[in-house]
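Asker: Quick note, the sequences are listed as chains A and B, same order. Just so we're aligned, residue 1 is where the first sequence starts under the numbering used here, counting upward by one. Just so we're aligned, residue 1 is where the second sequence starts under the numbering used here, counting upward by one.
Mixed in with the good hints there might be a few duds.
As the list claims (entries may be wrong) - Covered stretches of chain A (chain B as the covering partner; in silico rule of three or more C-beta atoms under 8 Å from a C-beta of chain B):
#: 1; region: 117 to 125
#: 2; region: 305 to 317
Unchecked claim - When the alpha-carbon atoms are kept at most 25 Å apart in a straight line, the in silico SDA-like pairs for lysine to any residue are as follows:
#: 3; chain 1: B; residue 1: K11; chain 2: A; residue 2: L188
#: 4; chain 1: A; residue 1: K506; chain 2: A; residue 2: M561
#: 5; chain 1: B; residue 1: K11; chain 2: A; residue 2: W272
#: 6; chain 1: A; residue 1: K104; chain 2: A; residue 2: L72
#: 7; chain 1: A; residue 1: K117; chain 2: A; residue 2: S102
#: 8; chain 1: A; residue 1: K117; chain 2: A; residue 2: I99
#: 9; chain 1: A; residue 1: K65; chain 2: A; residue 2: I208
#: 10; chain 1: A; residue 1: K127; chain 2: A; residue 2: V209
#: 11; chain 1: B; residue 1: K114; chain 2: A; residue 2: T317
#: 12; chain 1: B; residue 1: K114; chain 2: A; residue 2: G310
#: 13; chain 1: A; residue 1: K127; chain 2: A; residue 2: L191
#: 14; chain 1: B; residue 1: K11; chain 2: A; residue 2: G269
#: 15; chain 1: B; residue 1: K11; chain 2: A; residue 2: T271
#: 16; chain 1: A; residue 1: K65; chain 2: A; residue 2: P606
#: 17; chain 1: A; residue 1: K104; chain 2: A; residue 2: P92
#: 18; chain 1: B; residue 1: K156; chain 2: A; residue 2: P92
#: 19; chain 1: B; residue 1: K11; chain 2: A; residue 2: L195
#: 20; chain 1: B; residue 1: K151; chain 2: A; residue 2: L188
#: 21; chain 1: B; residue 1: K11; chain 2: B; residue 2: F92
#: 22; chain 1: B; residue 1: K11; chain 2: A; residue 2: L191
#: 23; chain 1: B; residue 1: K11; chain 2: A; residue 2: I287
#: 24; chain 1: B; residue 1: K11; chain 2: A; residue 2: I208
#: 25; chain 1: B; residue 1: K114; chain 2: A; residue 2: A309
#: 26; chain 1: B; residue 1: K11; chain 2: A; residue 2: P268
#: 27; chain 1: B; residue 1: K151; chain 2: A; residue 2: L191
Derived from the structure by calculation, the hints contain no laboratory data. No residue lacks a Cβ here, since even glycine has one placed at the ideal position from N, Cα and C.
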Amino acid sequence: MQDNENMSHEHEHDDDEHHDHAHDDNDTIEHTHEHDDDEHHAHAHHEESFIRKYIFSLDHKMIGKQFLIYGLIMLFVGGGLALLFRWQLAYPERPLPIIGASEKYMEDGEVVTGADKMWERIYDSDKEEWLEAHMPNGVVEPAIYNMLFTMHATIMVFFVVVPILVGAFGNFLIPLMIGTRDMAFPILNMLSFWLAVLAAVIMAAGFIVPGGHASAGWTGYAPLSVDPQWTGVGWGLNLWAISLLIQGFSSLVGSINYITTVINMRAPGMTWLRLPLVIWSLFIVAILLLLAFPVLSSALALLIFDRLAGTTFFTSTAEGGGDPLLWQHLFWFFGHPEVYILILPGMGIASELVAVFSRKPIFGYRSMVYAMIAIAFLGWVVWGHHMFQSGMRPGMGAFFMTTTMLIAVPSAIKTFNWLGTMFRGSIRFTTPMLHAIAFVSMFVIGGLSGIYMANTPVDIYIHDTYYIVAHIHYVVFGGSLFAIFGGIIFWFPKMYGRYMNDMLSKIHFWLTFIAFNCTFFPMHILGVGGHRRRISNPMAEAIDVVTQEQLFADMNIFITMSAFTLGFVQLILVFNFVWSIYRGKVAEKNPWNVNTLEWEAPTPVPHGNFAQIPTVYRGPYEYSVPGEESDFIPQAQPEHAPASAGD
Amino acid sequence: MTESRPLSNAKLGVLILLGAETMLFVGLIGAFLVFRMGNDIWPPLSHADIQLPRLITGANTLLLIISGLTMFLALRAVQQDQVKQLRIWLMFTGILGLLFLVIQGSEWIQLVHKGLTLQSGIYGGIFYVLIGCHAVHVLGAVIWLAIVVGKAVAGKFTAVRYTGVETCAIYWVYVVALWPILYVLVYLV
Numbered sequence: 001m002q003d004n005e006n007m008s009h010e011h012e013h014d015d016d017e018h019h020d021h022a023h024d025d026n027d028t029i030e031h032t033h034e035h036d037d038d039e040h041h042a043h044a045h046h047e048e049s050f051i052r053k054y055i056f057s058l059d060h061k062m063i064g065k066q067f068l069i070y071g072l073i074m075l076f077v078g079g080g081l082a083l084l085f086r087w088q089l090a091y092p093e094r095p096l097p098i099i100g101a102s103e104k105y106m107e108d109g110e111v112v113t114g115a116d117k118m119w120e121r122i123y124d125s126d127k128e129e130w131l132e133a134h135m136p137n138g139v140v141e142p143a144i145y146n147m148l149f150t151m152h153a154t155i156m157v158f159f160v161v162v163p164i165l166v167g168a169f170g171n172f173l174i175p176l177m178i179g180t181r182d183m184a185f186p187i188l189n190m191l192s193f194w195l196a197v198l199a200a201v202i203m204a205a206g207f208i209v210p211g212g213h214a215s216a217g218w219t220g221y222a223p224l225s226v227d228p229q230w231t232g233v234g235w236g237l238n239l240w241a242i243s244l245l246i247q248g249f250s251s252l253v254g255s256i257n258y259i260t261t262v263i264n265m266r267a268p269g270m271t272w273l274r275l276p277l278v279i280w281s282l283f284i285v286a287i288l289l290l291l292a293f294p295v296l297s298s299a300l301a302l303l304i305f306d307r308l309a310g311t312t313f314f315t316s317t318a319e320g321g322g323d324p325l326l327w328q329h330l331f332w333f334f335g336h337p338e339v340y341i342l343i344l345p346g347m348g349i350a351s352e353l354v355a356v357f358s359r360k361p362i363f364g365y366r367s368m369v370y371a372m373i374a375i376a377f378l379g380w381v382v383w384g385h386h387m388f389q390s391g392m393r394p395g396m397g398a399f400f401m402t403t404t405m406l407i408a409v410p411s412a413i414k415t416f417n418w419l420g421t422m423f424r425g426s427i428r429f430t431t432p433m434l435h436a437i438a439f440v441s442m443f444v445i446g447g448l449s450g451i452y453m454a455n456t457p458v459d460i461y462i463h464d465t466y467y468i469v470a471h472i473h474y475v476v477f478g479g480s481l482f483a484i485f486g487g488i489i490f491w492f493p494k495m496y497g498r499y500m501n502d503m504l505s506k507i508h509f510w511l512t513f514i515a516f517n518c519t520f521f522p523m524h525i526l527g528v529g530g531h532r533r534r535i536s537n538p539m540a541e542a543i544d545v546v547t548q549e550q551l552f553a554d555m556n557i558f559i560t561m562s563a564f565t566l567g568f569v570q571l572i573l574v575f576n577f578v579w580s581i582y583r584g585k586v587a588e589k590n591p592w593n594v595n596t597l598e599w600e601a602p603t604p605v606p607h608g609n610f611a612q613i614p615t616v617y618r619g620p621y622e623y624s625v626p627g628e629e630s631d632f633i634p635q636a637q638p639e640h641a642p643a644s645a646g647d
Numbered sequence: 001m002t003e004s005r006p007l008s009n010a011k012l013g014v015l016i017l018l019g020a021e022t023m024l025f026v027g028l029i030g031a032f033l034v035f036r037m038g039n040d041i042w043p044p045l046s047h048a049d050i051q052l053p054r055l056i057t058g059a060n061t062l063l064l065i066i067s068g069l070t071m072f073l074a075l076r077a078v079q080q081d082q083v084k085q086l087r088i089w090l091m092f093t094g095i096l097g098l099l100f101l102v103i104q105g106s107e108w109i110q111l112v113h114k115g116l117t118l119q120s121g122i123y124g125g126i127f128y129v130l131i132g133c134h135a136v137h138v139l140g141a142v143i144w145l146a147i148v149v150g151k152a153v154a155g156k157f158t159a160v161r162y163t164g165v166e167t168c169a170i171y172w173v174y175v176v177a178l179w180p181i182l183y184v185l186v187y188l189v
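Given these sequences and hints, build the entire structure.
Answerer: Here it is, written out as structure tokens:
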């Protein structure tokens, strides 16, 4: 290995090569600026152009905010799609409110409402309009129903939760919380965001191509997804696959950046076991993304070959041919780690919030870290539990059942540690804390329902019913989204230098919490009652029998009303978010009295983050230490009393 | 904390990238194995007359392995500040890589003429996708190497500044080391 001098020369060389902001922060602090390359000087001391600052930004904080706005916009797209198909489930074959045609118009063509006029114009025009082809009179047709739920899930998973949790929080928090000036590869970081934008544009383009968008479910099961004759979808599904491939590149670039940054660029004294738990979670998630996404990419590549080049990887043909199950194996080998990618950063955020607002050290820091590692590891050996119904040797079924149930152990460790942190703490019920508590409790419901379906015999009964839908939404909405909301409100003062309006935040929280439970809890009952998932018309006539779905008409109406409430309540959040950026109460440097390093940086955080790179002397959760005057001791505060045992 | 950074950012980044590359190939090789083990007769009877060019490809494998060695020599040259030798070994490596691609390409053309195409069932399909995926990686490595050669000619590397050579070498050796696995799996077994 080279000696030290050799190394530092190399670093300068790196900076030069990659226009890299990876300065040697870790060298003696006073010399930091001498080590900076020219480009950094330009950023630090001159006004940046508008394009450099807001659009093609290299600053991790701006890229984080870009991802946040991106995710929030896509949240409304994905949510809007859900409302469209929820309407169909409650009022099958009835035109949508507001944009749908009136009954009178549908019966005898008499124009009554403004919407009727719109439809009249659409039908009169010579060219085939999008709405005419997809939703005549504003009625959600079965093919379009398939497209709506497919795209709802695709957008929520790949374009909302991952970009916000990993893209936004990862970018904003990692350099600030580990005490460095920026990511290891700022240009790659910018590339990651713009690839994600490209992926979103291609995904959006799928809505306007002939044949409509992908409608084989977000899992794109073969052979349904392979041949256009089965879904009626042509280029929509190709664009779906291409867009996800590009999103894979974006994640790849992002995770290389995160892993390198966390390994190489921590501030002096920031040892691994002094890392805040949210950074641990983002680090683990970056590894999962890095290793899981390429498997999906390989599957998507094979799918594209099947669709465009005439191969038969996922379909059986007369002379043997491929294997439809192969798609499921590849997809879920990626898909199950992906599920933990969606929840682990939420766990990290909740850990921060629970500790800060209980004014207590996190209970069992090390076990929290090990539990996350265990979850990430087990996530690789459970993919088969999505395929119990696809046909599997009983021995394999038992294996996947056991590994899946094992995940309950680290999950329970985390849950009890959160409770242990809150136990006898001086809990402050701020809005972020309410979200964190909601996260913990909703995650418990989602986690427990997961144990039921891990049981092969139970899963055979509830497979492909609304029970699954309830479970996934308790984990991803009740878990990830509450953590996201809590995290946004908590770090907003550092992001924008202002508080979000607390009254609006509280109203948003309570309405969301109630509407969320009204929307998704009844789905458990639907599922156990046998209401199938992905049924476009639950009231469809069956010959001589009453279907399970028909029994649940009232409950479906209730769910749909709750879902609309849930959707519209989110407008409060958006209004509050935008309004507070400009008009919110100005926040001080460390408004919540937190220990971690991001609150050491001035507000608003300048380019380069810290005037001086802080040195870390202690763990992140030293709250209410006995004998101390203040109930928090920032990580960068030097030791003055006898060393405390925090690590 | 320089002492706790045994790897520079660039080197670490490339190593992490290799993790993702490995998983990409795990997916494709996994698909290959599913087809291979799901069929008692391989190649399937419909392609019984197809013989993959084992011998030429074996020689080609040797070429690629030699290119890994020359890459290693290039790295050693720059570590000893022998800039001229660095250039020679780098170019030699690149030529070997190109030669590998050319030979493989001409083999492909012959195979297509013999009737093995992307559309000829899973046998042809997975052959071209898996081997082609590796070929694309070799091509990428050759392009990367061309950039590094350009920089070497411009005199950008010295015994203390050669991360650019190192990162390229790591990637090159990875692509070289991957090939024998594919050769054995696809051509021999």
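Asker: Each hint should be assessed against the structure and marked as holding or not.
Answerer: Hints versus structure:
no., hint, verdict
1, 117 to 125, "violated (count 0)"
2, 305 to 317, "holds (count 7)"
3, B/K11 <-> A/L188, "15 Å, holds"
4, A/K506 <-> A/M561, "22 Å, holds"
5, B/K11 <-> A/W272, "21 Å, holds"
6, A/K104 <-> A/L72, "38 Å, violated"
7, A/K117 <-> A/S102, "10 Å, holds"
8, A/K117 <-> A/I99, "10 Å, holds"
9, A/K65 <-> A/I208, "29 Å, violated"
10, A/K127 <-> A/V209, "14 Å, holds"
11, B/K114 <-> A/T317, "22 Å, holds"
12, B/K114 <-> A/G310, "18 Å, holds"
13, A/K127 <-> A/L191, "39 Å, violated"
14, B/K11 <-> A/G269, "23 Å, holds"
15, B/K11 <-> A/T271, "21 Å, holds"
16, A/K65 <-> A/P606, "14 Å, holds"
17, A/K104 <-> A/P92, "18 Å, holds"
18, B/K156 <-> A/P92, "69 Å, violated"
19, B/K11 <-> A/L195, "23 Å, holds"
20, B/K151 <-> A/L188, "21 Å, holds"
21, B/K11 <-> B/F92, "23 Å, holds"
22, B/K11 <-> A/L191, "19 Å, holds"
23, B/K11 <-> A/I287, "17 Å, holds"
24, B/K11 <-> A/I208, "43 Å, violated"
25, B/K114 <-> A/A309, "19 Å, holds"
26, B/K11 <-> A/P268, "21 Å, holds"
27, B/K151 <-> A/L191, "24 Å, holds"
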